[in-house]
Structures are given as C-alpha cells and as structure tokens.
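Work out the full structure, taking the sequences as your base and the hints as a guide.
The chain contents come next:
Protein chains: 2
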Amino acid sequence: MKIVLLGSGNVATHLGRAFKMAGQSIVQVWSRQPQNAQELADSVGAAVALSLEEVVTDADLYILAVKDDAIRTVAEGLELDEQLIVHTSGSAGMDVLENISKKIGVFYPLQTFSKSKAVDFRQVPIAVEGNTPEVTQTIRAIADRLSEKVILLDSLQRRTLHAGAVFACNFTNHMYTLARHLLDGCDLPFDLLRPLIAETAAKIQHNDPATVQTGPAIRHDQQTMDAHLDLLQRDPALKELYRMLSQSIINYHSQA
Amino acid sequence: MKIVLLGSGNVATHLGRAFKMAGQSIVQVWSRQPQNAQELADSVGAAVALSLEEVVTDADLYILAVKDDAIRTVAEGLELDEQLIVHTSGSAGMDVLENISKKIGVFYPLQTFSKSKAVDFRQVPIAVEGNTPEVTQTIRAIADRLSEKVILLDSLQRRTLHAGAVFACNFTNHMYTLARHLLDGCDLPFDLLRPLIAETAAKIQHNDPATVQTGPAIRHDQQTMDAHLDLLQRDPALKELYRMLSQSIINYHSQA
Numbered sequence: 000m001k002i003v004l005l006g007s008g009n010v011a012t013h014l015g016r017a018f019k020m021a022g023q024s025i026v027q028v029w030s031r032q033p034q035n036a037q038e039l040a041d042s043v044g045a046a047v048a049l050s051l052e053e054v055v056t057d058a059d060l061y062i063l064a065v066k067d068d069a070i071r072t073v074a075e076g077l078e079l080d081e082q083l084i085v086h087t088s089g090s091a092g093m094d095v096l097e098n099i100s101k102k103i104g105v106f107y108p109l110q111t112f113s114k115s116k117a118v119d120f121r122q123v124p125i126a127v128e129g130n131t132p133e134v135t136q137t138i139r140a141i142a143d144r145l146s147e148k149v150i151l152l153d154s155l156q157r158r159t160l161h162a163g164a165v166f167a168c169n170f171t172n173h174m175y176t177l178a179r180h181l182l183d184g185c186d187l188p189f190d191l192l193r194p195l196i197a198e199t200a201a202k203i204q205h206n207d208p209a210t211v212q213t214g215p216a217i218r219h220d221q222q223t224m225d226a227h228l229d230l231l232q233r234d235p236a237l238k239e240l241y242r243m244l245s246q247s248i249i250n251y252h253s254q255a
Numbered sequence: 000m001k002i003v004l005l006g007s008g009n010v011a012t013h014l015g016r017a018f019k020m021a022g023q024s025i026v027q028v029w030s031r032q033p034q035n036a037q038e039l040a041d042s043v044g045a046a047v048a049l050s051l052e053e054v055v056t057d058a059d060l061y062i063l064a065v066k067d068d069a070i071r072t073v074a075e076g077l078e079l080d081e082q083l084i085v086h087t088s089g090s091a092g093m094d095v096l097e098n099i100s101k102k103i104g105v106f107y108p109l110q111t112f113s114k115s116k117a118v119d120f121r122q123v124p125i126a127v128e129g130n131t132p133e134v135t136q137t138i139r140a141i142a143d144r145l146s147e148k149v150i151l152l153d154s155l156q157r158r159t160l161h162a163g164a165v166f167a168c169n170f171t172n173h174m175y176t177l178a179r180h181l182l183d184g185c186d187l188p189f190d191l192l193r194p195l196i197a198e199t200a201a202k203i204q205h206n207d208p209a210t211v212q213t214g215p216a217i218r219h220d221q222q223t224m225d226a227h228l229d230l231l232q233r234d235p236a237l238k239e240l241y242r243m244l245s246q247s248i249i250n251y252h253s254q255a
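One line per chain: the protein sequences are A and B, in this order. The numbering of the first sequence is numbering that gives the first Met the number 0, which starts it at 0 and goes up by one. The numbering of the second sequence is numbering that gives the first Met the number 0, which starts it at 0 and goes up by one.
FYI, nobody ran anything at the bench for these hints, they're computed from the structure. Treat the hints with caution; some may be incorrect.
The list treats identical chains as interchangeable, and a pair is accepted whether it falls inside one copy or across any two copies.
Said to hold, decoys possible - Straight-line distance between alpha carbons at most 30 Å, and here's what the computed DSS-like set of lysine-lysine pairs gives:
1) Lys148 <-> Lys116
2) Lys238 <-> Lys66
3) Lys114 <-> Lys1
4) Lys101 <-> Lys116
5) Lys101 <-> Lys238
6) Lys114 <-> Lys66
7) Lys114 <-> Lys101
8) Lys19 <-> Lys114
9) Lys1 <-> Lys116
10) Lys148 <-> Lys19
Here it is in structure tokens:
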C-alpha cells in the first residue's frame, strides 16, 4: 500500500512511525512547513512534496493530519478521483471531505502525542468511519494493522469521544499545570505531586472514577475548602476555578 | 515504639499497614466506628479501644487520622501530658493540637488512598512539622522509617501542597468522571479513554506539564471548541466548565 502523509505535527509523526513499523510504505510527506516535512520524510524513508501540486496522484491512501480548519483547504489542493482520503480529526465531521474523492473517511487515533515520547500504537484506540460500507471496511482493515483497538464510530460519536478526551487529557494536564503553579509560588518541588498523579491515573484503570473520588468536596469538608479558597485569595481566577470544580463534584455526586 | 492509631479511614488503614510493614507495633486502634476499628486492629495485630477513655496513656505516638473538623474533639478526649501526638491533615494547622500535649506535630502523607489498593509507601512523600526542633526531628525520624521522601513543611506550605494535590488528584479524577459521563451518554465504553489517561499522567513524570499541554484551547482552535460547546448544549453546567477550563488554558499560556 502506498501512503501519502499530509501534515508534520504530532499526529502525522506518530502515524508515520506506526505505519512504517507495521511494514507499510509512506511514499510522500507534504507539510506547510517544508523543513518539518523533510524531517518526517527522512525518519520514515519517504520523499517530500514541496507543494500540493507535487503530491503523487496514484497513492492508495491520503492521510490528512492537519489542523481542523485546514482540512478542507489542503484536501482541495489535491487532485483525486477515487483514491481513498481520510482525515485524523476527532471533531471534524467526515463531511468536510465531501466531493474531494469518491472514497472519503476518518481515521482518528485517540492518544496524546508528543514528538519526543514513543507510544505503543497497538494500544491506541482508532475510531474509523467511511462514506460507504466498503470504504469503512477498507479503513478498518488499515487501522487493524496498527492497533488492536479499532472501533467504528459515526461523526457525532467521534465528536463526543473527542470532547471526553479533552476532559480526560487536556483539562487534566491543565490541572497538573495549575498545581505546579501553586507549588512554585511556595518554592515547593513539583516532584512531591508526581507519585500522587501517577496513582490517581492508575486507580481508574480498573475502577469507575466516580467510585474512587476523594478530597474535601466529596466529603463536604467545608472547613478545608474554605482554607484553600482563603489561600487562593491572591489569584481570583484560580479561586473561582477551585470553587466551580468543587461545586461540580458536589453536584455530580449528590445526583448519583 | 508503641503507636496508637485514632481513625479507621483510608489514611489510618494505609498508615497502619505501612507501620506494621516497617516493623513498628500499633498497640491500639480507636475509631468512632467500632466495627471499622476492629477490622483495622485485626489487620495490624492491635487491640481495640472502644472509647477514648480506653485509649492507653503510655504510648510513644498518637496518630490522629480523622476528619479535619474532628481532630480537636478527638484530641481533647485523650489524656496526654508529654506524649507525642500528630495529625495527618494537609490543611489543618499544627495549632489545632495546641495544649493537647507538650509535644505536638503533623505527619501528612501525600497520596490518594483507597482501602482496596496497595500503595508503595516508600515512594509516598510525607510532610512533617513539630512544635519544637526536637519534636520535629523525632517525627522526621519516624517518617524516615516509612518513606524515602520526607520533607519538613510549615503549616502554610503544607496547606499549599494540599491545595495543589486537590487540583492534581481530586479535580483530575473529577475530569475522568465527567469524561466517562459524556461517553456513557453516547454508549461509548470508558475503556477507550484509559490509555489516554495513563499516557497523560506518564508524560508529566519527566516533563513540566505546561510544556506538554495539548488540545483545542492551547491551539486556539475555536472551531473545535465551538463544536464541543455545541455538543454540550444539553448540559449547561458541563458546558460552562468546558468554557471556563478552556479559557483558563488560554489565559495561562498567553501570560507564560
């Protein structure tokens, strides 16, 4: 299978590596940043397309791993007829690729990628969707070569999954950031929190998170929450977040 | 060393086990819930005190692992003179034990404990404080037997650390809960998010969380955020949280 990779960010990089490791050949890499394209191309043994016009037209699969608002523009720069093209976005619908080719779809790997950290792609869930049952099956078969966890989702389900991932990953990482910010203000090393963070994530690998919630909010420990709010006095935005998140915990668990 | 454990919750349970494993003897366990006290006493080979009056007066260390608002009341039920007594709270000041004994202090293990899940106590940071340098040293020496990560903190630093832990652990777990809630509404299995959660926590073990922030907010990807907000339409509280947390990410990283 001949694959063209469009994009050179974290998703493109990890997908490129994963395809290579699975024995697939990336024939070309294109990116708005030619230098990044070159780097990625080198690392997966592909050629570089310096412009969209240079992109070969006879590949079996075109993977668009670019920002959501660039998907349509980049796709329109390609000349396709019935070659398979997929985007890798969690929130963009499949319809953003409408009329780009007869075979369109989505190939969304659900993981947080950093270029510097390797990821075991076999364990990365991949949500796939195609515009016909045949296309869906083709995309599924491709995903199966990379991961043990392929799932068929329509665009609404995928968007819900993506929103869930924002809470579970992006907002969570921001909680780490705010915690570090608090500790920095008191010259406390962030290392003190790292075991706690690891344990918090480990706990829910085999539990429903709602059942292992701890802390002052779920205990209705107003005294402790007031002490913390008092401490956050100097940072009104952080104080308001503390208040809202505590209230959200209280509300969630009083309904349940 | 003879230790009396007051309380039978998660902290008391894990501390009791850790002391036992370190070869220390828990002589007595008291709890407001006699049945829980019995269970914990059995598991650490201690006797049960059915009332505070029954608590022995000749122990070397009294550990108060009870809710913050119960610390003072329980402590006042004991008859101490110069026996060492510590509480295990992150946010209560040492002064809550004032005049309970000549030797008072704090022994705060920073970890999220569930009774059902074992914890490697050697890696659990313990913040200690005493009312005199000698008392501080005594408490430190005791903590050193359980953990490699003992740190001296005053009450304000400890409270800051505790507030940081609320963000890094309690609020984080609530993010997992909200993510699951979202997925449940669409019949998507939470298992899809577990690898992502593990990777998000693993990433910051060797990175500053601010440098590995991902997601639509830090990319200023308004299109995706709008798509998510639209999806959260039916749940105004969740929608507002999404909006506030995204804004917090944007603000934090535009200042930095």
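Practice prompt. Would you pick out the hints that fail for this structure and give their numbers low to high?
Written response: Per hint list: 4, 5, 7 violated.
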